[in-house]
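Trainee: These are the residues of each chain, in order.
There are 6 protein chains.
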Amino acid sequence: MPRVRVTRRLHFSAGHRLHNPAYDEARNREVFGACSNPTGHGHNYGLEVTVEGEVDPETGFVIDLKRLRDLVQEMVIEDVDHANLNVDVSWMSGVNPTAENLAVQIWRRLDGQLDGGRLMSVRLFETERNFVEYRGE
Amino acid sequence: MPRVRVTRRLHFSAGHRLHNPAYDEARNREVFGACSNPTGHGHNYGLEVTVEGEVDPETGFVIDLKRLRDLVQEMVIEDVDHANLNVDVSWMSGVNPTAENLAVQIWRRLDGQLDGGRLMSVRLFETERNFVEYRGE
Amino acid sequence: MPRVRVTRRLHFSAGHRLHNPAYDEARNREVFGACSNPTGHGHNYGLEVTVEGEVDPETGFVIDLKRLRDLVQEMVIEDVDHANLNVDVSWMSGVNPTAENLAVQIWRRLDGQLDGGRLMSVRLFETERNFVEYRGE
Amino acid sequence: MPRVRVTRRLHFSAGHRLHNPAYDEARNREVFGACSNPTGHGHNYGLEVTVEGEVDPETGFVIDLKRLRDLVQEMVIEDVDHANLNVDVSWMSGVNPTAENLAVQIWRRLDGQLDGGRLMSVRLFETERNFVEYRGE
Amino acid sequence: MPRVRVTRRLHFSAGHRLHNPAYDEARNREVFGACSNPTGHGHNYGLEVTVEGEVDPETGFVIDLKRLRDLVQEMVIEDVDHANLNVDVSWMSGVNPTAENLAVQIWRRLDGQLDGGRLMSVRLFETERNFVEYRGE
Amino acid sequence: MPRVRVTRRLHFSAGHRLHNPAYDEARNREVFGACSNPTGHGHNYGLEVTVEGEVDPETGFVIDLKRLRDLVQEMVIEDVDHANLNVDVSWMSGVNPTAENLAVQIWRRLDGQLDGGRLMSVRLFETERNFVEYRGE
Numbered sequence: 008m009p010r011v012r013v014t015r016r017l018h019f020s021a022g023h024r025l026h027n028p029a030y031d032e033a034r035n036r037e038v039f040g041a042c043s044n045p046t047g048h049g050h051n052y053g054l055e056v057t058v059e060g061e062v063d064p065e066t067g068f069v070i071d072l073k074r075l076r077d078l079v080q081e082m083v084i085e086d087v088d089h090a091n092l093n094v095d096v097s098w099m100s101g102v103n104p105t106a107e108n109l110a111v112q113i114w115r116r117l118d119g120q121l122d123g124g125r126l127m128s129v130r131l132f133e134t135e136r137n138f139v140e141y142r143g144e
Numbered sequence: 008m009p010r011v012r013v014t015r016r017l018h019f020s021a022g023h024r025l026h027n028p029a030y031d032e033a034r035n036r037e038v039f040g041a042c043s044n045p046t047g048h049g050h051n052y053g054l055e056v057t058v059e060g061e062v063d064p065e066t067g068f069v070i071d072l073k074r075l076r077d078l079v080q081e082m083v084i085e086d087v088d089h090a091n092l093n094v095d096v097s098w099m100s101g102v103n104p105t106a107e108n109l110a111v112q113i114w115r116r117l118d119g120q121l122d123g124g125r126l127m128s129v130r131l132f133e134t135e136r137n138f139v140e141y142r143g144e
Numbered sequence: 008m009p010r011v012r013v014t015r016r017l018h019f020s021a022g023h024r025l026h027n028p029a030y031d032e033a034r035n036r037e038v039f040g041a042c043s044n045p046t047g048h049g050h051n052y053g054l055e056v057t058v059e060g061e062v063d064p065e066t067g068f069v070i071d072l073k074r075l076r077d078l079v080q081e082m083v084i085e086d087v088d089h090a091n092l093n094v095d096v097s098w099m100s101g102v103n104p105t106a107e108n109l110a111v112q113i114w115r116r117l118d119g120q121l122d123g124g125r126l127m128s129v130r131l132f133e134t135e136r137n138f139v140e141y142r143g144e
Numbered sequence: 008m009p010r011v012r013v014t015r016r017l018h019f020s021a022g023h024r025l026h027n028p029a030y031d032e033a034r035n036r037e038v039f040g041a042c043s044n045p046t047g048h049g050h051n052y053g054l055e056v057t058v059e060g061e062v063d064p065e066t067g068f069v070i071d072l073k074r075l076r077d078l079v080q081e082m083v084i085e086d087v088d089h090a091n092l093n094v095d096v097s098w099m100s101g102v103n104p105t106a107e108n109l110a111v112q113i114w115r116r117l118d119g120q121l122d123g124g125r126l127m128s129v130r131l132f133e134t135e136r137n138f139v140e141y142r143g144e
Numbered sequence: 008m009p010r011v012r013v014t015r016r017l018h019f020s021a022g023h024r025l026h027n028p029a030y031d032e033a034r035n036r037e038v039f040g041a042c043s044n045p046t047g048h049g050h051n052y053g054l055e056v057t058v059e060g061e062v063d064p065e066t067g068f069v070i071d072l073k074r075l076r077d078l079v080q081e082m083v084i085e086d087v088d089h090a091n092l093n094v095d096v097s098w099m100s101g102v103n104p105t106a107e108n109l110a111v112q113i114w115r116r117l118d119g120q121l122d123g124g125r126l127m128s129v130r131l132f133e134t135e136r137n138f139v140e141y142r143g144e
Numbered sequence: 008m009p010r011v012r013v014t015r016r017l018h019f020s021a022g023h024r025l026h027n028p029a030y031d032e033a034r035n036r037e038v039f040g041a042c043s044n045p046t047g048h049g050h051n052y053g054l055e056v057t058v059e060g061e062v063d064p065e066t067g068f069v070i071d072l073k074r075l076r077d078l079v080q081e082m083v084i085e086d087v088d089h090a091n092l093n094v095d096v097s098w099m100s101g102v103n104p105t106a107e108n109l110a111v112q113i114w115r116r117l118d119g120q121l122d123g124g125r126l127m128s129v130r131l132f133e134t135e136r137n138f139v140e141y142r143g144e
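Protein chains in written order, with the numbering used here: chain C, 8 to 144; chain X, 8 to 144; chain R, 8 to 144; chain V, 8 to 144; chain H, 8 to 144; chain G, 8 to 144.
Please note that the accuracy of each hint is not assured.
Identical copies carry no separate label here, and so any pair may be met within one copy or between two of them.
Derived DMTMM-like pairs: lysine to aspartate or glutamate, alpha-carbon spacing no greater than 20 Å straight-line [to be verified]: (1) 73 with 135; (2) 73 with 85; (3) 73 with 140; (4) 73 with 37; (5) 73 with 88.
Hints listed in this document are in silico derivations from the structure and should not be mistaken for laboratory results.
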């Protein structure tokens, strides 16, 4: 059977602040710039989750996109939407919420949870001009 | 001379939280839902500023869009980008940072500052699916 | 209080076919072209509903956008999403499902149902390149 | 019958250079900046033409969008697409090709040519961040 | 010579309904949900065709994008645009028109038809939030 | 450490004309069509630069996206924005400014200049419907 990649895009709005507690304030400012403002800011994040697998000859699906959406909604979006990534999300605890780190943690949330296909890519858009991709490597 | 409307679109990322200090926590939660989370969240805001005026026969401009951009950058974006709208922005002090209120305050920042044309509209996109427009009425 | 226009954008996917039962097949083909194919086709429609009103000084809202979304979801989207506009939607019965007619019918569904502000505009995107707007006029 | 506004969006790619022959080079540079480079640059323009009219009860159309598209294609796009706006377009001759002036000239090309509805608006996007609108006023 | 991937994006609007004739109605409803409504619905599909090859030193092209567009237009778009994928398209006959299956069939239509480069990817967007990619594997 | 791909998107507006000086006018017209008009045209180009590397455990960055942006701005955008690609850009001298050739030259400008990660991909959008990608192969 043909192997196809299917992608579901979701969105969430979250607050965050970049800083490393091992740095002093001046160093945080130097490395993270305005992103380290103590009062925080936020983004409308776009999240694309891609799953690869063979097309099921009965359904014509690699994976039911509705179930993929529900899984990502439950495992990721409900935790991060309208939340502060520095303080509200258990699986971001102790992690500096850069786009890179957030994408890796989202991968770890989803990997092994799919009931069809294999997780292939997590793409996270912090803005339309800045985005990252993690493939589990 | 023909009267034309010119629009400049800009972007900023900010944190906010919706709440009314005259409400108790339960009432804030009822009215504002997840938007009232005390730790805050944020958005990539889109801002469209529209100016109407006659086309200058010498330049072919209603207003130099670069100068309009610089004005909005200086009067608005520098204050709100990577800031927390509840605590960091002097001209939002005491104002609940809903999209409606923010658009009105941005209008007030810009009105009377243009050196050509008249301010006609401020459109503010909180997400691609939620936006507001204020025309000074 | 300032008067602001707030817009909520929603989406739905529907099938349709353009034809006038008073026309014969040749005339339908002449007027509606490929849009009159008897087997039908479809679109991802974008729907923008705009409400104008004064900003409530307590909430900072013209209307709670979540309630506006829920209203449009219940009154419109649930009827048309994944439906065939020619046969499945009671309030489109006997109406040729052009974008113009659909926008007018959506207006009529929503007008008078709002619990704040007044309905100002219904914009319907059939594609990114074709859209219509009805303002109740 | 309800009055509806229908819009068709089209695109073209063109080269241009802003300058006023009555200015010297220094003044052109001061007013138009990099846009006055003698070798020119260019844009992917977006053009939205809006027509308002009553919905025809037989067709459900204000105007056949395909005919509107063909009209704009023939009267505007064929002249400006892959052309240089300063030298190749007869109806831009002697006109400084700012977005404002181009929108006004496009209006004049189309006004009176429609066989249904009345021309209501020409919106021209020079980039996604800069656009103008002319309404014949 | 450098190897470059060139992509052309096209669009079409089609109707479809998901169902497996070997399933009974209850099972079709369980697996395909609202997508199995017998009256059908539809989408504005986005189609991205990617071709990889060496840059021709004479033309600077991997493949003339206009010829690629014409090929996809002729081999795919003319068959599916404003058509019903379940009944109108010979090369979808007997195929459940999921995005996965449609992408695979489009690949098969195009593979071996190019006069330069090799077909590398077919990406099909059913909506902006759901898309699939097939690479011939 | 996880390996992540980070992408920065930038834009520029430039003029160009496709032609091969070794071809006569008829052959240029045949191969390049309207793109060979001697007076030139132009585009709003979109440029996506992707860098892959391990996430730095101290910063949570693969590369500071602001420094990546500044590098691309300085090495590429300042040379091509509001310029004519045929005559104004030293590193395009003698190169036919197709999207393919421009992407390869941009790669060569950036490769080896990064102070973290490795350059993985240059994607260049000539329009929303035509884009190319070069990966240094």
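Trainee: For each hint, tell me whether it holds in the structure or not.
Mentor: Verification of the supplied hints:
{"no.": "1", "hint": "73 with 135", "verdict": "between (25 Å within a copy, 14 Å between copies)"}
{"no.": "2", "hint": "73 with 85", "verdict": "both (16 Å within a copy, 17 Å between copies)"}
{"no.": "3", "hint": "73 with 140", "verdict": "between (22 Å within a copy, 17 Å between copies)"}
{"no.": "4", "hint": "73 with 37", "verdict": "between (43 Å within a copy, 12 Å between copies)"}
{"no.": "5", "hint": "73 with 88", "verdict": "both (19 Å within a copy, 15 Å between copies)"}
Checked against the numbered hints above, the structure breaks none of them.
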